[in-house]
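Just so you know, the protein sequences line up as chains V and F, in that order. If you count the first sequence from 1, position 313 lands on 313 in full-length UniProt numbering, and the numbers rise without skipping. If you count the second sequence from 1, position 64 lands on 64 in full-length UniProt numbering, and the numbers rise without skipping.
Misleading hints may appear alongside valid ones.
[As the list claims (entries may be wrong)] Simulated DEER-style distance windows between Cβ atoms:
| hint | chain 1 | residue 1 | chain 2 | residue 2 | range |
| --- | --- | --- | --- | --- | --- |
| 1 | V | 69 | F | 64 | 56 to 62 angstroms |
| 2 | V | 116 | F | 47 | 34 to 40 angstroms |
| 3 | F | 8 | V | 346 | 55 to 61 angstroms |
| 4 | V | 432 | F | 47 | 22 to 28 angstroms |
| 5 | F | 8 | V | 362 | 34 to 40 angstroms |
| 6 | F | 66 | V | 222 | 24 to 30 angstroms |
| 7 | F | 71 | V | 351 | 48 to 54 angstroms |
| 8 | F | 33 | V | 22 | 56 to 62 angstroms |
| 9 | F | 58 | V | 288 | 46 to 52 angstroms |
[As the list claims (entries may be wrong)] Which chain F residues stay away from chain V? Per the calculated CB distances, all over 10 angstroms, these:
| hint | residue |
| --- | --- |
| 10 | 8 |
| 11 | 18 |
| 12 | 23 |
| 13 | 29 |
| 14 | 36 |
| 15 | 39 |
| 16 | 55 |
| 17 | 60 |
| 18 | 62 |
| 19 | 65 |
| 20 | 66 |
| 21 | 77 |
| 22 | 80 |
[What the hints assert, rightly or not] Calculated Cβ distances over 12 angstroms to all of chain V for the following chain F residues:
| hint | residue |
| --- | --- |
| 23 | 12 |
| 24 | 15 |
| 25 | 17 |
| 26 | 24 |
| 27 | 30 |
| 28 | 34 |
| 29 | 57 |
| 30 | 64 |
What the hints contain is simulated information worked out from the structure, not anything from laboratory work. These numbers were taken from a predicted model, which means no experiment stands behind them. Think of the CB as a built atom: it goes at the ideal place given N, C-alpha and C, for glycine as much as any other residue.
The chain contents come next:
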Amino acid sequence: MSETVLQHNQVSYLEYQGRFKGLFAWIFSTDHKRIGLLYLYSMLVLFSVAATLGLLMKIELIAPGKTIMDAQTYNSFFTLHGITMIFLIVVPGLPAVFGNFFLPIMIGAKDVAFPKLNLLSWWIYILGALVVLSSQFIGDGPPDTGWTFYAPYSFRTGTNMLPAVTGAFILGFSSIATGLNFIVTIHRMRAPGMAWMKMPLFPWALYGTAWIQVLATPIVGVTLLMIVLERTLQIGFFDPALGGDPILYQHLFWIYSHPAVYIMILPAMGVISEIIPTFARKTIFGYKAIVVSTLAIAFVGYFVWGHHMFTSGMSGTALYTFSILTFLVAIPSAIKIFNWVATLHKASIDIQTPFLWALCFLFVFMIGGLSGMVLGALSANVHLHDTAFVVAHFHFIVFGGTGFAFFGALHYWYPKMFGRMYDKGWANIGLAIFFTGFNTLYLPMFYLGMIGMPRRYYDYVEEFHGPNIVSSFGAMLMIAGLIIIITNLIRSARKGEIAEADPWKGKTLEWSIASPPTLENFDEIPVVTKQPYDYE
Amino acid sequence: MEKEQHPHIVRYRTYVYVLIALLFMTLTSVAVTHIYLGPYTVATALLLATLKSTLVLLIFMHLKFDKKFYSYMVAGVFLLLTSVIIITFLDYLYR
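If we strip away everything but chain V, and leave its shape as in the complex, we get:
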């Protein structure tokens, strides 16, 4: 896209001294790059908490009966694990960290359209996180409903529901503000010459995601508010005893929460679309098809929520409709996979750590996607609903998809963000252990689900013991891999080798500026004349 490294006469964003100093220079900064890093650090802390909870749950499941915790503690652990992972990490993850950092740079802008709103989004995010976490320490004990807050349990349980629901409600505002900011930024601030069809695919993915954030999040906001009102005023939205309908809650919750899966996965697909052409040294195959499939996923994703409710007692007409629509959404997802694989065909591939993450993404995302087809079929779903199979499926999608893309993005853009390179040897060892652990953890859960092990139970019958031992061992291995990966990245931020401006020979605009970028990214706004992946 741009072939020369632009001269820079400003200090890097990491060294810049504004009105404030020290910590305040970060938490009051309106620079999109610093805000991206604020999200990154916040999420790493929260991720370590949620991953620890996940590990403890798997240790509990290493043997039948009580191992290290009782049933109520297990219930509260999977609830907090889910709320933290979904609302605080996976939904905001890629847009908040890498979208904030790289969207303006990749479209040739100096910042997002509303920098102050951007900072406010982070503050709202922190407020929401504190309110969610407060549910663990105040009132009547940690919530135990699972992250879905299903009615009627969520307004009947005696545990501390209000802070958890209110926290998730607050987090929605952060998501909406970020989405709105990105839509306006992309519409109004693209560099001269960057027509829509010259925009890189990560910004395209963020664009599709932002529309979902803006249009779907208010629905869950209202739904969570209805839970609060139901608990406090007994209005009768969802309580059958008061004339309400608990299935209505499921409809409202999943009208947001299924599109939210695409908030999680679309940016991940955008990241993979950046990594693959860079390391294949080849123009991405089917650029327009990827763009159209991104928008198609964002659109069709609105109409498939009912596949989470196949056993809820919905009408037959609704069941068939949702099943057909669910199969439809697989088409644009498959288009992307075929395009990525076609890009690799006869390419001069440079095998580096980010590329390995992208390959692992393809492997696990395919398993996640195809197991989703199994669950989209009505007959199979009735058997597999609420079993360990579903847990395996969505971890392959959410962790395998978004998580692998997140770490792939971190390893891809790390030299640009910090101006230093991580130790590639340790990064690859960490990935190998993590990948092995991930599959050892979740593959047995497909089998466990098929033979009937329900999800969200701290105990099980003896027949499920063997695969659970393997799965728990996989969890430990995966955490060991994660520790290596994160330690390597933290250590390298200070002690890694100084990185070149374009260590991967990328073609998009972020590789044409200094590493780390200067405060305003570009001395002069670039003029875009070429396609984003012009390797020919």
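Fit chain F to the known structure of chain V by using the hints.
Chain F alone, transformed into the frame defined by chain V:
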């Protein structure tokens, strides 16, 4: 940027009329809950809510005086939400 905006002044009287219309429709939406409308209860409530939000969008939020592009975007969102509501009722109407 300047050329894209059409200067306009909305009379205070118009705002007052809209306010009265909104209050009237709010009272109507409360009043109709006392009448048994069977399956049309939700449709009536949604219709009144749509009328109210349309007024707010057109007058208070100045959509009427803005570029047509924004109207199309809002219409697209309305269409999306309408589709979501219709699909939801595939459950309720055929249960």
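Of the hints given before, which are not true for this structure?
-> 4, 5, 9, 21 and 22
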